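Trainee: The lines below spell out each chain.
Protein chains: 2
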Amino acid sequence: MSNAELIYLDNAATTFPKPESVYQAMDQFYRSYGGNAGRGGNPLARKAASLVHETRELLKLWLSAPEVAFSPSATLALNTAILGADLGMGDVVYVSPFEHNSVLRPLAHLRKAVGIEVRVLPFDKQTFACALDDVRKQFRIDPPAMLCISQVSNVFGAVLPVDELSLLAKQANARAIVLVDGAQAAGLLLPTMERIDALIFSGHKSLYGPFGIAGLAFGTRWRPQPIFFGGTGTQSDSLDMPAQGMGRYEAGSQNIVAVAGLHAALLWLHEQGREHLQSHLNSLTHALVSALQSIPQATVYTPQQQSGIVSFTLEGISPQAIETALGAKNIAVRAGLHCAPWSHEWAGTLEQGGTVRVSGGWFSSEKEAAHLFDSLKAVV
Amino acid sequence: MSNAELIYLDNAATTFPKPESVYQAMDQFYRSYGGNAGRGGNPLARKAASLVHETRELLKLWLSAPEVAFSPSATLALNTAILGADLGMGDVVYVSPFEHNSVLRPLAHLRKAVGIEVRVLPFDKQTFACALDDVRKQFRIDPPAMLCISQVSNVFGAVLPVDELSLLAKQANARAIVLVDGAQAAGLLLPTMERIDALIFSGHKSLYGPFGIAGLAFGTRWRPQPIFFGGTGTQSDSLDMPAQGMGRYEAGSQNIVAVAGLHAALLWLHEQGREHLQSHLNSLTHALVSALQSIPQATVYTPQQQSGIVSFTLEGISPQAIETALGAKNIAVRAGLHCAPWSHEWAGTLEQGGTVRVSGGWFSSEKEAAHLFDSLKAVV
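Chains as they are written, first to last, in this note's numbering: chain A, -11 to 368; chain B, -11 to 368.
You can take every hint at face value.
Cross-link-like lysine-lysine pairs, in silico, DSS-like; alpha carbons within 25 Å at most:
#1 Lys317/A - Lys35/B
#2 Lys100/B - Lys100/A
#3 Lys317/A - Lys365/A
Example chain B residues on the side facing chain A (calculated, C-beta under 7 Å, incomplete):
#4 Ala1
#5 Asn24
#6 Ser61
#7 Ser90
#8 Gly200
#9 Ser224
#10 Leu325
#11 Pro329
Computed list of chain B residues with no C-beta within reach of chain A, every gap over 12 Å:
#12 Glu42
#13 Val80
#14 Lys113
#15 Gln114
#16 Arg128
#17 Val147
#18 Gln159
#19 Glu263
#20 Ser271
#21 Ser278
#22 Lys355
No wet-lab data here; the hints were simulated from the structure. As the structure is a computational prediction, the values presented were derived from the model and not from experiment. The C-beta atom is built at its ideal place from N, Cα and C for all residues, glycine as well.
Generate the whole structure from the sequences, applying the supplied hints.
Mentor: Next up, the structure:
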């Protein structure tokens, strides 16, 4: 397979390719300074520690967050926020119908382990808009202990009203914990961080960095309990995790190669500018939707507010068969449930095996959308 | 700082440099095939999934383990094994005095949360040998629910009698869970895997791979409960983690760049051969010990069986000051507690702020040991 010819439309799984500077930074940093981050006089350890510090500062700026904790993956960051929130019997957690298994499965665990209740917020099946008035009433009757919602649905690309929902949650219960799964849009869409206790970001998705680095951006003073334990390089004579600071969520060696990549990605993002990235993604979304809608056999899911991701199905052909047929033409898309089963229950796409998901990124072009259209025409 | 001149003797923190093939594999794989591992017809996803599969097979061979689960770090792998073991009130867990905070802190959490008891096995302070007869008696009186020991002390380089202790534990309680922290020696020293429920390995240490990939090598049919939850790309319509298979410990996107690096490292290890690696490390250990012992002001810790790591102190100079002085001469060593506080309580080195740790690897030479000696002579 020559990647020169590959059309990659699976950016919701991971953005690809990365900016050239990300590859270079990872390789060069690892070759030159691949020591273990730490304190003291060891020159490599010092260099690694200062890279971690700088990257954290860049992230705080880019995400408008007062504090940021690193984690090896968004899944682990979500687990930390959800399992570390000290929820108890009868606590009501509201989610959107669009949540990923990295939210649903930790919540399902808490439902069994401590007896929380999980409720799904109402969304309109045509526009994908949230019925905010109904939510207000629901929150009044059963105030949220936690609200946990995505910024953008990883299946349908629907942009959720994070600001409105976080406001309703905090109005109904000032101590409600508001978590936002920003895997698909952190840093691209900027929510009002003052009302978000933790925005979970993934380095290898909307931030254009590498695998292995993700985390929690804290908008308020709320902090979860750590859910795993180990060496922090500080207060090593204590068997407790440090009570303060971000180190309590970062036990173990920092993945400094991934940090070096994220550092380069953040500089690159800053250079592009947020609006430039947003407008590229918006044009691309329109191009993808138009191309897909011009195929008569296609059902295309079109939320009123949609960012980067488009799901569709073709009459009489399974999503898997479409993925395989496009794969044979060197077009990378993704078929199935996309780890978000409730999205498909909600949309009625579970029985047919989910959807085909097409997702663009900075390096995707409208020409590629046109090519996708041509290839699909050959399939139907 | 020119790294051509750097003398890196901090391989216990992370082995550095890596084999050239590791850097190349990471960079090339990421540039060419940096998709998200998964099933189906997406060509990048297929390539990534097959890399993960091959790496797992290579690891199973190199570690003589029937099954291997990946984890982003040895800390998380240890947490999975310890917190996922379903220990209860009064269960007795035996550890060596040499355990790392990645073992001690999860155990401290369980002591508070469920009431386990943690006991320290007896070791001789001169030879660092384990008093196996005393252990046998102890195990008879209070049989172990779990034995959790390092292969090699990360502070003193002492090689622990893993085979003997695992046998005693299983004899005293056939259902005792035996966990071995192999961060410093997995793949280098081969324990009898049939008696080890899980050997925890770190990709970036004794396996010469990159940060971001570690895991559990299961020697028996024992499996912990998953401690974190998320998307697995399989059984996505269920809110439970899969009941079988390694995927249940691997929620979230695989770090395929790190996997690519580990893949190259395993091929490299196989080419060198285990005995070759062992004998190099043994010669180096002797050279380091000899060099250090020839300094009259030095107290050098010399376990009878010692692998790669040597701790020392100098009369009248703090470990930190030595680290800094050597750092200024471009020699990377590490001072402090090395995240293993009980080691220092046991050895009586806690008050003085720990030890200076010098740790060699494949790319360290006896010439570097000589250079360390010269530089230390200038310090004292």
